[in-house]
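Asks: The lines below spell out each chain.
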Amino acid sequence: DAEITQSPRHKITETGRQVTLACHQTWNHNNMFWYRQDLGHGLRLIHYSYGVQDTNKGEVSDGYSVSRSNTEDLPLTLESAASSQTSVYFCASRPGLGGNEQFFGPGTRLTVL
Amino acid sequence: GIQVEQSPPDLILQEGANSTLRCNFSDSVNNLQWFHQNPWGQLINLFYIPSGTKQNGRLSATTVATERYSLLYISSSQTTDSGVYFCAVFGYKHSGGGADGLTFGKGTHLIIQP
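Top to bottom, those sequences are chains U and H. Those letters in the first sequence? Residues 1 to 113, by the numbering used here. Those letters in the second sequence? Residues 114 to 227, by the numbering used here.
Excised from the complex, chain U in its bound form:
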């Protein structure tokens, strides 16, 4: 079955380190998204991509970057991790236009000490 996976599922890192979270989907969806979830905020959009070589900033993009070298993967990089980036990160994908259904990965819990 097609699916969306994230790795690692849990990570602890130190302030100032670079961290990369992986997202892989096998639906062949062009559109992929990264969200973060914090207590009291629901999920907020970090970055998104409409296809290979395309990346766009979301609501809370400062301190994060993404790259899209193929259809299946959208890695999220924290250039210099900060304690404020301790959160649960969800990757999602969607076929086609904005009105279509989004599907979410299992999440990565990141702790920055």
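Incorrect hints may have been included.
In silico lysine to aspartate or glutamate, EDC-like type, Cα no more than 16 angstroms apart, as pairs [as the list claims (entries may be wrong)]:
{"no.": "1", "chain 1": "U", "residue 1": "K57", "chain 2": "H", "residue 2": "E118"}
{"no.": "2", "chain 1": "H", "residue 1": "K219", "chain 2": "U", "residue 2": "E79"}
{"no.": "3", "chain 1": "H", "residue 1": "K219", "chain 2": "H", "residue 2": "E128"}
{"no.": "4", "chain 1": "H", "residue 1": "K219", "chain 2": "H", "residue 2": "D123"}
{"no.": "5", "chain 1": "H", "residue 1": "K167", "chain 2": "U", "residue 2": "D38"}
With the Cβ distance kept under 8 angstroms, some of the chain H side facing chain U (calculated, not the full set) [claimed, not checked]:
{"no.": "6", "residue": "N143"}
{"no.": "7", "residue": "N158"}
{"no.": "8", "residue": "L215"}
{"no.": "9", "residue": "K219"}
{"no.": "10", "residue": "G220"}
Derived by calculation from the structure, the hints in this document are not laboratory data. The C-beta atom is built at its ideal place from N, Cα and C for all residues, glycine as well.
On the provided structure of chain U, position chain H as indicated by the hints.
Replies: Leaving out everything else, chain H in the frame of chain U:
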């Protein structure tokens, strides 16, 4: 941007009870989804329902797009229904320069007691 409000924020019920969760949104939408976040943190797609009514077992949902609200009904609650229920929308007025992606409400935290 579009605003999404969910009510109630918290709900405690006995097993077997019925419940109605509400989602209000501030502008026209062409996508509305309901999710269940289980105690392990996974987001489970319940309904894709930009308009109309859908049913899946004990759960059903109705979106009245013209009045900008959606309702999620849970009947004969079970302890496994516990968790947080999120409503998320994508608005019609997204255009160049605005961000894509879903806008989430803050959720309804549901606890079903045995």
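Asks: Which hints from the list above does the structure break, by number from lowest to highest?
Replies: Failing hints, ascending: 1, 2, 3, 5.
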